[in-house]
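Colleague: Please work from the sequences and hints to get the whole structure.
In order, the protein sequence lines correspond to chains Z and W.
So in the working numbering, the last spot in the first sequence is 315, and the numbers never skip.
So in the working numbering, the last spot in the second sequence is 167, and the numbers never skip.
Some hints here could point you the wrong way.
[What the hints assert, rightly or not] Partial list, computed: chain W residues near chain Z (C-beta under 7 Å):
hint, residue
1, Val16
2, Arg19
3, Gly42
4, Asn57
5, Val117
6, Glu121
7, Thr130
8, Gln134
9, Glu142
10, Ser145
11, Gly146
[Claimed, not checked] Quick list of in silico lysine-lysine cross-link-like pairs, DSS-like style, CA-CA up to 27 Å:
hint, chain 1, residue 1, chain 2, residue 2
12, Z, Lys25, Z, Lys207
13, Z, Lys300, W, Lys37
14, Z, Lys38, Z, Lys25
15, W, Lys37, Z, Lys207
16, Z, Lys25, Z, Lys126
17, Z, Lys300, Z, Lys38
Note that these hints are calculated values from the structure, not bench results.
Note that the structure is a prediction, hence the values are computed from the model and not measured.
Where is the CB? At the ideal position from N, CA and C, for every residue including glycine.
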Amino acid sequence: MRPFDYERASDVASAARASAEPGTKLLAGGTNLLDLMKLQIETPTRLVDIGRLPLRAIEETPEGGLRIGALVTSSEVAAHMRVRTAYPMLARALLSGASVQLRNKASVAGNLLQRTRCIYFYDPTKPCNKREPGTGCSALAGFNRMHAILGTSETCIAVHPSDMAVALTALGAAVETTDGDGQTRRVPVADLHRLPGATPHVESDLKPGEMITAVELPSPPHGVQVFRKVRDRASFAFALVSVAGAGPRLALGGVAHKPWRASASEAALAAGAGADEAVAAELAQARSFGANAFKIPLAKRVLGAVIRELQGAAP
Amino acid sequence: MQVTLIVNGEARTLDVDPRVTLLDALRERLGLTGTKKGCDQGQCGACTVIVEGVRINACLSLAVMHDGERVTTIEGVAAGPDQPHPLQTAFVDRDAFQCGFCTPGQICSALAMLEEVRAGEPSGATDDLTAPLQLTDAEIRERMSGNLCRCSAYPNILAAIRDVAGA
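Modeller: Encoded structure:
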């Protein structure tokens, strides 16, 4: 790691203000940031440790939803009885990710803001528009088995690795943010992350100095909730393709630079289309880059299976 | 900068560069080399220690993040020099290691895992999220999936944990 100054944040407002300063990064669990710093992919000159700020509560909201503090760990969210009973899909998504050791440390805010695991992003000897804008995308003609099939651009085909973010998208969750002046904002999780476009190094719509303070779930959706993750190993592996479904909402993971809201499928189903038609509507825009061609038929099958399960058919 | 870690019950104060990971602080500065550096990137679990009762990868944490916190390493698991923990005895009895490199991480991880089960925390293998937990073999395997063993002692590691966890 490159040298940095380390300090503990005294309060949320000063932490938010600090995060706007060039070279300063906020440190929560550190399970992604420290990994990137060891490889000098992230090189902050100052770390502001927010790990002991009072953002650890999980509480029910007046609307019957659930407000989860930004620093609650993945394990804590998955173990919370209200999540297990009312939002089981969120627990399933969390429990499918990483290892227990990592989940015990990783914060929900960090989980949302974690960066891609694209092997070329991680390789400082390879061109990468996300890591070094303008250098090119090594994955386009490289080993892109884990890469995106939706929402891609010629500059970047990386995927967002979070399972939790896919579940939160399907649950219609939002993040609460604050800046150093006490301005708060509510951003739907579905709108938090960006597609790569021409600027893959810009990953979220958070402004400098804006800090996530909580994730808010609406009141529980009606009916069955489904989370299905397809991957190479039974545990401790990222998704090849995942699908989350709750109520009318469907989201896919492992297929795009952000959790992919299956809006075309949702609209088709709302208009009375069957599962196959709805799947075709969503995946018509998919494109592959060689090693990830299998993801298109795989995504179609998993999305179709989840839609059927939500409709009450045998899974 | 100064940091105080309470390691295996003893307060230890160190002056460290902020970049020193908890793993390197334990091994290089405190000479507690039982905890191993396998991958140094949170993917193998050989560095698993217990901090404030919670198992974490020490390689992906900074010593300075844990000022004032209690850390248990493999050196702190036995009650005394000739009083191994029942899990350590089970690892020997069940031949649950070959090279032994992953073993300290396996034992610390398993001890914390059993506490998680006692606390009712679900896993990726839990069928019914709202029913009382059943510690099946599938559950143990899933809960220990963050600890890799290249010697493949897995079946015997499972047996050793099962011995301590009970039927």
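Colleague: Determine for every hint whether it applies to the structure shown.
Modeller: Structure-based check of all given hints:
no.	hint	verdict
1	Val16	violated, 10 Å
2	Arg19	holds, 5 Å
3	Gly42	holds, 6 Å
4	Asn57	holds, 5 Å
5	Val117	violated, 11 Å
6	Glu121	holds, 4 Å
7	Thr130	holds, 6 Å
8	Gln134	violated, 15 Å
9	Glu142	holds, 6 Å
10	Ser145	holds, 4 Å
11	Gly146	holds, 3 Å
12	Z:Lys25 / Z:Lys207	holds, 13 Å
13	Z:Lys300 / W:Lys37	violated, 41 Å
14	Z:Lys38 / Z:Lys25	holds, 15 Å
15	W:Lys37 / Z:Lys207	violated, 37 Å
16	Z:Lys25 / Z:Lys126	holds, 24 Å
17	Z:Lys300 / Z:Lys38	violated, 38 Å
In the structure shown, a violation is registered for the earlier hints numbered 1, 5, 8, 13, 15 and 17, in ascending order.
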